[in-house]
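**Q** Letter by letter, the chains look like this.
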Amino acid sequence: MGLPLSRSRRENLTLELANHLEDLYAELVASGIPELEASAQCVEQLNDVPQIAAVAKRSEIWGDAMNQRSRTLWLPGLITLTLASVSLMVMQLFTFSRPRVHSVDGGAVAVGFAWLVSLLPCGALGAYLSRRAGGSRWSSIIASLFPSVIMLAVFCIILPIGVLVERNTYIIHHPRYFGLALLVWIVVPGSALLLGALPVLWKMKNRARTGTTPHLA
Amino acid sequence: MAVPSKIARGSAELAVLALLEHRSLYGFEIAKQIEERTEGSLRFTMASLYPMLYELEKRGAVKAQWEANPAGRDRRYYSLTTKGRKELEPLRREWKKFFVALDQLTGFNHA
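Protein chains in written order, with this note's numbering: chain X, 3 to 219; chain W, 1213 to 1323.
Everything labelled a hint here was simulated from the structure, so no lab data went into it.
It should be emphasised that the depicted structure is a prediction, and the values quoted were computed from it without experimental measurement.
Any given hint might turn out to be false.
Unchecked claim - Under the rule of at most 30 Å between Cα atoms (straight-line distance), these lysine-lysine pairs were calculated in the BS3-like manner:
no.: 1; chain 1: W; residue 1: K1298; chain 2: X; residue 2: K59
no.: 2; chain 1: X; residue 1: K205; chain 2: W; residue 2: K1270
no.: 3; chain 1: W; residue 1: K1308; chain 2: X; residue 2: K59
To be verified - Partial selection, computed: residues in chain W whose CB lies under 10 Å from chain X:
no.: 4; residue: A1243
no.: 5; residue: K1244
no.: 6; residue: S1260
no.: 7; residue: E1267
no.: 8; residue: E1269
no.: 9; residue: A1280
no.: 10; residue: P1282
no.: 11; residue: W1307
no.: 12; residue: F1311
A virtual CB, placed ideally from N, CA and C, is assigned to each residue, including glycine.
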């Protein structure tokens, strides 16, 4: 039938409509209408199937290919992460915007102000995409902070494994360095991302207050 | 005689919600019962019934569930949700108010 639906949704819709037509046919025949005419009336209703399928697709029933959490959190978050990573790569290509490397506690920490500035629109975009998909305020915040959240997760995995499992003496003897790295790679970029997201979050708050969000029925 | 389409569309939602208030029904049953109870004034085709049911489902006013039927075909039964019940009462009041107003204006009840 060429319905614009995923396979499972198409099967469900087809089954429901086919059942309807079979019931209709049986009823028409039972009421004394000749079989040929009854089947013609049923076939005529098939013309409406694409229109019904379009509503079924728009209604997002029978499960959607992408669920609500994917649309409001994972996808905006991944876009923010990708943009933040790409902007870091681009910044490193240009001498004027390369991160400054500081030596701390036997290690090196890179601080890139240009990159931090580029994180402002990244955070704003993450929050906007999440909001546009109907995400809650928390979804928008997490989507905008996604690069920092990922870095925090990496630190939370690497540091305990390094200290407790591998007994890595470098990590054990340079806590200041890792503390600073935590600040430079998580807290500071996170602040920049959040700063960028604030106007979007602010707008969201105002919309909720003024009641412009659509309500049902 | 069929009721003109605009009024029928507006009242169709109320008719479906009211019908599902007491028991769950599948699509064809909904259409058939509405036609029988309104003596043919309200008639649903597939194109008018299912889009409305899917919109109501999306809105959370009704929920649908496939039920296996060993004797025949599996059916997708629609039932009213708590949200649908909450929507039904104000909808009833609105329509009642509308008909009372129309009655006052035209006196069609006394015609």
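**Q** Which hints, by number, does the structure contradict?
**A** Result: hints 3, 9, 10, 11, 12 break, sorted rising.
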